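Undergrad: Listed below, chain by chain, are the residues.
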Amino acid sequence: MKRLRAFINGADIRRFRFWVQLGFFVLLVYGGYFLINLGQSLPTFSCGFNQPGRAGVCYLLPLQHQTHIPWDSIISWRGLGILTGLLTFVAWLFVFNKAWCGYACPLGTIQDWMTSLRQKLGIRYSTYSLDWFTRLKKIKYILLILLIVIPFLMANSVAGLPTLPEDMGTPFCKICPARMVIPAFTGDFSQWTVDFSTGTAATMTGLGMLVLGIFFIGGFINKRFFCFFCPMSALHSLFSKVALLKLRKDGSKCTRCGDCYRACDMQIKEIADDVESKTLIKDDCMMCFKCVASCPEEGALKASFMGIPIYESTEAGFFKRMTKRRKR
Amino acid sequence: MAEWRYWVIGFVLLSGGLAGSAQAEPVWFSDQPPDAEWAKRAHHAHGGMIERGRGGVYVKRLWLRAGGEPASAVYTQPADDASFGVFGIDGESLAPDLFKVASGGGITFPMPEEGFYNAYFIERSVEDAVLKTSIVKAEVLKHSCGEGHDPKLTASRMPPRDRAGVPLEIIRERLPGEDFHTRIRSGDKVGFRVHYKGSPAAGANVSLTTREGWTKQVVADADGRAVFKLIRDYYPAWNDFDKRHHEAFLVTAEYRVETPGELNGTPFEKAHYRATLPGIFYPSEVEYSSYLVGLIVALIAAALGAGGVFLYRLKHSRAGRERLQ
Amino acid sequence: MSAEVKAKQTEMARKQLSRESAQALNKIEKDFPDNPKAMDYFYDLYRRIHCEGEVPHPGKKVIGTTCVQVPEELIYAAGAVPVRLCNGSHTYDQLGAEFMPAKSCSLVKATLGMLSSGLASWLDEGRDIVNVTTCDQKTKSGRLMEEAGYRVHHLELPPSKESEAARTYWQSNVNGFARELGSLTGHKITRNSLRDSIARVARAQQAFRRLHRLRMAPLAPILGKDVFLVTNAYFFDDIDAWTDAVEALNDEVEKRCEEGFAAAQRRAPRILFTGSPPIFPNLKLPTLIEQSGAVIVADETCSANRMLYDAVNVDEWQLYDMVDAVADRALKPCTCPIFISDEDRKRRLLELARTFAVDGVVYQAFSGCQVFEMEQRSISRFLADEGIPSLYVETDYSPDDVGQLSTRIEAFIESLKARRRRK
Ligand code: SF4
Ligand code: SF4
Ligand code: SF4
Ligand code: SF4
Ligand code: SF4
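Chains as they are written, first to last, in the numbering used here: chain X, 1 to 328; chain S, 1001 to 1325; chain R, 2001 to 2423.
Calculated directly from the structure, the hints in this document are not laboratory data.
Since we're looking at a predicted model, the values are computed, not measured.
Ideal Cβ placement from N, Cα and C applies to all residues, glycine included.
Just so you know, not all the hints are guaranteed correct.
Said to hold, decoys possible - Just a sample of chain X residues kept apart from chain S, beta carbon distances all over 10 angstroms, derived:
no., residue
1, Trp-71
2, Lys-120
3, Leu-153
4, Ala-155
5, Phe-239
6, Leu-244
7, Gly-307
Said to hold, decoys possible - Only pairs whose alpha carbons sit at most 20 angstroms apart, straight line, appear in this in silico SDA-like list of lysine to any residue:
no., chain 1, residue 1, chain 2, residue 2
8, X, Lys-324, R, Ile-2340
9, R, Lys-2188, X, Arg-124
10, X, Lys-120, R, Tyr-2320
11, X, Lys-282, X, Arg-325
When you get a sec, could you build the whole thing from the sequences and use the hints?
TA: Written out as structure tokens, the structure reads:
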């Protein structure tokens, strides 16, 4: 048992993540061809527009359909539909928490591949200054609110204003880069267009293509560029406190060396600086556990599942990884 | 160019009209309500207009209309001696209700399960020693996203059905990879099979007419097959364009056999069958979306982004160097 | 002063210096029984360098450093050898007094004394020094070194380490230093050279951490005075030879642990040493403590733990990330009192006290070292609140206070023993 522990704690998390991510990528992007269907409420960007390939649907898609609902039918089977969708979503999240982002999300994985490419080319990454970091991180919440409110305003007129046009339907999907990027992996480029059928449609799809262009540059230069703005991550963070998988910290063992912060793709400063909290899952965290792997202090950081530590920072593991990666 | 097209359409219409005048107008099913009052009860759903029955179950109401052109066909009343029926998704027979109201009539039936329902309305009469049979058919899809998208279920409920008991049957072939969400669009090639009592009706005259009156007539091949390429039938001003616009088509098949017989004691020498099947299609994506513009927008955004990062870095690395000196 | 008089003075100082070093070494080596065999490497090293005046890195490009915050990985990567100039000799302390105000830190005075005497300079004719702007005395002494004819790179350190602004400022200073090192040595720092030097330092740190961990054993397997000698040698020894020697020592110490060997008395109180750094030959306080029957099991000083404990973590093995990583390592975990906050130092002391089952803390402050003197109150109060007894000792390099100190230390150790018995 002790040897197994030591083996796991000495594991090279990057390699492990690479393979797990690849596995999930194949599953979620091509699983549909093997008739795999994980339902409609996946807490990850298994894009619904990736038609035959998807092995389940990103929860944001049904959510945006479901909130297109007139007031009076909220208390009905349609309201019930919203509730069951949300409960299924929370159930998925309850188990794996935000590790859906660090290990499963195809769009996250694509961004990690872009990062590896940049790294191979020896181009420096960019980061946000702390100022911009705190300012920009709110965007994901704004997007989350909009993607719920806009469909609702399509079905209801508020304060006598006319309802929003139908072409505002699934507003976030329109500007979500996954809509273009993920179907492209099954050879479907049909989303890479601007729809001129109405002014609204042209604006929304034009915005989508704009975001796509920015996604490629941003994702190349900034680690996990899009995740920082992702409303899915915002939705996760509403429920991440209760989930079974946790990132825990023992502040007394932390030297605040910042090694974990250096490794964090999401620029989470608290992971090094906060020595008070016992559980440290910030809203941007994707639970990749790179920080755990980069901490040289015994047991300062750990990933735990239902209170059982599954991956823990150790001195031996730290130096083993450093030596190994240096050689490669 | 455009004028030339209208000339052709006009000619076709004229000849169609002349041909039509030789016999009674074709009758077909439509789910479009005849007036504002009925329109209030109808809702949009996948597969066309529906009404909500008890417990939210989808109810289909099909109206009988007469006329070869979908745009101008009138709503008619069903004949009392007609036979009708609906077959559910597993081919089981359902009992539809016949209805007659001031503005028209037809049949209505509930659709509790996902999949395709086949509705038939058959009228027979003997005129001048010829048996005339009109087979009105509609293939109706029931689908609600709320019930999920189990691909296995969809696959099992996609294949078209052949009703051997129906004398002349038009069956729409499925598009490649079709599912409950697939839209037929202008520009698509759509195939139909015409079966006479269960076997291919080679040589049947099959025609397809769009709402605006464009018609094409072909003769079914040895397999009873007729293929049409749907034309673009929708020309609004660009700012009025609606990509969800329903364009309508009506397929009519005519088949004659020289077999004598009798209907309710009236003898006839030959028989003339006519089957109708309506359908809808949508504007094609190429009519309103542009890859070129999309790529240009994305490329401009990418170029601006890359340029911005480059300049920012240039400035900052210079600043760094200056600080050193 | 005529050249003749000066030469005579120099000669006298040289003799005094080797006498001071030999005395200190003798005390450390001979006054204690059962020294580990592997310590002979270190005793011999000090004998050669300090007593006989051997130059540590003949023929190599040497760059002097004055603080743990100099990222030594960069110096190795630029093809040079870092040598830490912080000095512990009373002889130099007296020589340096000439340049500094009366109440100044012995360490700074001794360092200046060594540099101005031109005696046993470990530097080459380039006379290159990196001076980090830590405490005021060090900062200003950088200027005095320039006056004494050295080429000094002033590496600016921010006065706090919490803010991102401080971190970026420091990183950009370290990047500037890295660029300058390239032109100084003629070897540009490359991806490979920096990767290798990070590896070399990491190997040394691993060796140190192993030794550190071995000292957690309930029966102290090695005395603190020896460990200070070992870590002091890191100032000037060849890093690879040092690492091998420490690993050999580790093996021996590990064996001692397995055999249940105790380097001190079985019930000797366990001491955590903190404050101004003991540097050979000034191991006055550590030796006094251990002669009085206690054992130093851990320390929080910049001549040992703070210098060798914290590890570099690189995320992307490219030059851009490696230089920043090395900079972060120097700044972020540092518990030096020159920073505004003392929170990290408190937490570090507490953690060391807990994991090493410490009975008491000895806090050394060189008289004249304002920052350590200023932090004394808050640290002592904090330790008292945590129920850990501590002794505050203000001292310098002169041997005059030994008698008075040993009385205080013996009393403290007695009280620790009494406290233990009561438990
Ligand atoms: S476009 Fe984005 S939000 Fe919409 S279904 Fe696809 S991944 Fe989800
Ligand atoms: S935050 Fe990133 S990884 Fe998570 S769902 Fe959004 S795009 Fe995917
Ligand atoms: S790497 Fe570990 S010790 Fe360093 S700051 Fe992070 S948690 Fe603390
Ligand atoms: S805090 Fe740790 S687990 Fe979360 S994103 Fe950063 S490195 Fe990954
Ligand atoms: S002991 Fe104090 S005064 Fe002396 S160099 Fe260190 S911090 Fe500065």
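Undergrad: A separate judgement is required for each hint: does it hold in the structure or not?
TA: Evaluated hints:
Listed as a non-interface residue, Trp-71 (chain X) keeps its Cβ farther than 10 angstroms from every Cβ of chain S; the least gap is roughly 17 angstroms. Every CB of chain S lies more than 10 angstroms from the CB of Lys-120 (chain X), the least distance being 18 angstroms, so the non-interface label holds. Every beta carbon of chain S lies more than 10 angstroms from that of Leu-153 (chain X), the smallest distance being close to 19 angstroms; the non-interface claim holds. Consistency note on Ala-155 (chain X): stated as away from chain S, and its beta-carbon is indeed over 10 angstroms from all of that chain's, at 13 angstroms minimum.
The Cβ of Phe-239 (chain X) lies farther than 10 angstroms from every Cβ of chain S, with a closest approach of about 23 angstroms, so its non-interface assignment holds. Every Cβ of chain S is farther than 10 angstroms from the Cβ of Leu-244 (chain X); the closest lies at roughly 27 angstroms, confirming the non-interface assignment. The beta carbon of Gly-307 (chain X) sits about 35 angstroms from the closest Cβ of chain S, which is more than 10 angstroms, so the claim that it is off the interface holds. At roughly 37 angstroms between alpha-carbon atoms, Lys-324 (chain X) and Ile-2340 (chain R) are farther apart than 20 angstroms, so this suggested pair is violated.
For the proposed pair Lys-2188 (chain R) and Arg-124 (chain X), the alpha carbon gap of about 19 angstroms is at most 20 angstroms, so the pair holds. Pair hint Lys-120 (chain X) plus Tyr-2320 (chain R) holds up; C-alpha atoms about 13 angstroms apart against a cutoff of 20 angstroms. At most 20 angstroms may separate the alpha-carbon atoms for a hinted pair to count; Lys-282 (chain X) and Arg-325 (chain X) exceed this at roughly 28 angstroms.
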